[in-house]
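With the hints as your guide, set chain B onto chain A.
Number of protein chains: 2
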Amino acid sequence: MATEPLYIKIKENDNVAITVHAIPAGTEVMEGVVSRQEIPQGHKIALEDIEKDAPIRRYGVVLGYALDFIPRGSWINEHMLRLPIPPDVRHMTFSTNLRTDLPKPPVTTWEGYRNAEGYAGTRNYLGIITTVQCVEGVLNVAVDRIRKELLPKYPHVDGVVPVNHAYGCGVAINAPEAVIPIRAISNMTKHPNFGGELMIVGLGCEKLQPNMITDQVDPEHVLMLQDYQGFDVMVQAIMDMAEKKLKKLDQRRRETLPLSDLIIGMQCGGSDAFSGVTANPSAGYASDLLVSGGATVLFSAVTEVRDGVYLLAERAVNEEVGKKLADEMLWYDHYLEEGRVDRSANPTPGNKKGGLSNIVEKAMGSIAKSGTAPIVEVLSPAERPTKKGLIYAATPASDIVCGPSQLASGITLQVFMTGRGTPYGLPEAPVVKVCSRTDMKNQWPDLIDINAGTIATGHATIEEVGTELFQFIIDVASGRKQTWAEKHHLYNYHCFFNPAPIT
Amino acid sequence: MATEPLYIKIKENDNVAITVHAIPAGTEVMEGVVSRQEIPQGHKIALEDIEKDAPIRRYGVVLGYALDFIPRGSWINEHMLRLPIPPDVRHMTFSTNLRTDLPKPPVTTWEGYRNAEGYAGTRNYLGIITTVQCVEGVLNVAVDRIRKELLPKYPHVDGVVPVNHAYGCGVAINAPEAVIPIRAISNMTKHPNFGGELMIVGLGCEKLQPNMITDQVDPEHVLMLQDYQGFDVMVQAIMDMAEKKLKKLDQRRRETLPLSDLIIGMQCGGSDAFSGVTANPSAGYASDLLVSGGATVLFSAVTEVRDGVYLLAERAVNEEVGKKLADEMLWYDHYLEEGRVDRSANPTPGNKKGGLSNIVEKAMGSIAKSGTAPIVEVLSPAERPTKKGLIYAATPASDIVCGPSQLASGITLQVFMTGRGTPYGLPEAPVVKVCSRTDMKNQWPDLIDINAGTIATGHATIEEVGTELFQFIIDVASGRKQTWAEKHHLYNYHCFFNPAPIT
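Read top to bottom, the protein sequences are chains A and B.
Using our numbering, you'd call the opening residue of the first sequence number 1312 and step up by one each time.
Using our numbering, you'd call the opening residue of the second sequence number 1312 and step up by one each time.
Be a bit skeptical, because a hint or two may be false.
As the list makes no split between identical chains, a pair holds if one copy fits it or if it spans any two.
With a straight-line Cα cutoff of 30 Å, these simulated DSS-like cross-link-like pairs (lysine-lysine) come out [stated by the list, open to error]:
id	residue 1	residue 2
1	Lys-1798	Lys-1464
2	Lys-1699	Lys-1501
3	Lys-1635	Lys-1698
4	Lys-1698	Lys-1634
5	Lys-1798	Lys-1555
It is worth saying that the hints were derived from the structure and are not from the lab.
So that you can see chain A by itself, here it is in the shape it has in the complex:
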């Protein structure tokens, strides 16, 4: 077995590298660089003397400026550097880096559930959309009964998903920003994994009336609890409507489809310093394979691309796309400002423990998951794409909010990269977990689907892990495999992004 590398240096002019494993004090990391203290796994070591106020570079990018003189061999942590000024999104260069030679995918078809319009499904679910949180208690009781009493009769249906959420009433429904959560709920009515069978449960007196989320408000699709006499009657009404939909859904079968019928999302959460060199670039490579095969891939998170947004602007296919990218950044800058915070509110304690010193370093790693394809469209939160290919879908970086936002945009599978580990899952779409370190895979063998940590130790290449991930995505999308989160039934609540006030 070859000796494992001690450090990972990314670009030639970087003046720091990260450690592959924890390194004791006095270790010669490379010629002339001896560690001055113990350095934790994934943390930065200074490869040269860095003067006070001099730039600290990783990924060929300035992460920040040294607060004090840092001698060569020192551990550089989050307390030792000052954030640079964020890139000015009003003066970015567009479309100067449009790659045309993407790698070719090993397969170009998958097995999915064809829909009358739009993307195909990866699962065959009965989705029940709610207009307001008030109905949640009754709906959950009904869904329990549907699962026990009805589902076994319809073996070709994969499950029932109540789309419960915190929105719908007790909110400023006419606030300018209310458009975001309303769009999210409206778009959930059209989710590709719901097979075109619309079912809405509302209360009656709520602000978010059914006609605000769908054109099809007839009683075949919409059921309002206040119209029914008592609890038992309303539960029965929900079950009756559900059974009609289940009968239709049970007729559906998978078909061989081109990759252009597939839409997936990329997200990372609980990142560490390895995320940007192992898990995220592998996901980026898988994304390149998917996009070059015709699929649609969404990647997201505003605060986590903000500091490297100029790199995305260069990949925007035209000025219109580039300008919308800039607008989404400006909207978020303003949103954070109004809340009297800035982008330093990210990263988390776990990110820092994992070696990520600040949001610039996190952003450079985060962007790696987008691969290298041109960006054909930019979506505001919860918008549905109109183009196929690589798409930037602006959302908060919070996993718990980004996930539902991507679902509303229509993703039918999500790839989730993690360094620290999170057992997150989505009820509507399988979530494939990719970890950045082998230690993480060893710690959570039955939660992590793909280990990209082998890249850090030199046992695999980005292309190898990326191709493995691509194949796993196709297998999961086609129903040949299940993710760990699916096997364990791990689902998070729908936290749709609502920047408008609660009344």
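Just chain B now, with coordinates in the frame of chain A:
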């Protein structure tokens, strides 16, 4: 049977009344007042000619100003009046209406679970607090198993409540307003219905670290999923900790306690024009009985008291309490302003259909649930009381957000008044439903616990229904009765109020 009244007029100088039932055109409602068109149930009829720009008065209060001339006998709906300027909270009169002759309660004790400190419990639950939403999927699987495999062995424990929520990470943890959700989650660790048995499940890398919500961060109480090797091991660890807590909780028994050990919350949702004359005044009378017996009663909702806040200021026991009341109003005015909305964002379509024309009319009805006792304390959202008696707990008016906020303040039972009907429930505390109209009780016989509609039809008095409600509260608090929401297992998600940004 006596003839039922056709209308309800509240104060002598009111120039409108509301209809008890729908009234056809041409009906002589009172001497000299003939309806000019059909008037829906609970809607306002003009008792005299009202000139353009003249005040429209109900509850002796100006609801708004006529947009056009309104002839006597006309139906007055929400499109016919202009909102008055909200009361100036900077110049209110405090402590001029401190009632000392509250009605005496028929009983002064109840049966509760005594706690080492603070209020007693009405139920004996194992509560599991989460630091972050990431853990929800794993925790829910573990809780299912606890309910099936462990709970049957501990028959004196009423249930297990996972306190899942949308907070904890992916949020601006240092934003000035982040103090509100953090306080809410922290105070949930001390909920009286959890019997002093602390159990926290976190992830590891989240922003909301356990020491931010509790002093007791030892492994006896706190379990972080990233510390465990894989899914099965973490589920087992949760179950093992739960069983230790269940063993202790199973030793607890109810004791006869004074009313001063009881803390309840008052909330209304899906209100109509009857709410302010039937359900809410009955709740107010029950509140007076409770408070005069030594209990603590919280009432809430900022936008729904805003227009009548001067009436509360007069009942504030001193200037300090009055000033905090004013501060809470100003904070919310500013919060809505930043979201570019105002108090007209409330009421809902259902409120309007139920006859409530605007937020002034809704506020006057809403305040009725506070009864007539002096207000001894004002709480910011999710704060815990330091006084006993009637307390104003500032929260959003949204039922779904007010409920968890009152829970965080420690209520062990909630009384919920409704006109339009909502099947809402809280996992930690029984919710007693009181309806404003007999039609509502007939529509939802197995969801509404107490019907106050008999007051509108002259079949019962406010005092009678209020006393019936008081007795039901005592029975439910003492475990002798269950609410309908409990019987049906109707629970809403914990939407803790978070006015800070998501990152």
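Now the hints, each set against the structure:
1. Lys-1798 with Lys-1464: both (21 Å within a copy, 28 Å between copies)
2. Lys-1699 with Lys-1501: within (17 Å within a copy, 51 Å between copies)
3. Lys-1635 with Lys-1698: within (14 Å within a copy, 53 Å between copies)
4. Lys-1698 with Lys-1634: Classified as within: same-chain Cα gap 17 Å, cross-chain 56 Å, threshold 30 Å.
5. Lys-1798 with Lys-1555: For Lys-1798 and Lys-1555, both the intra-copy (27 Å) and inter-copy (28 Å) Cα distances are at most 30 Å.
Violation of the numbered hints given earlier is absent; every hint is satisfied by the structure.
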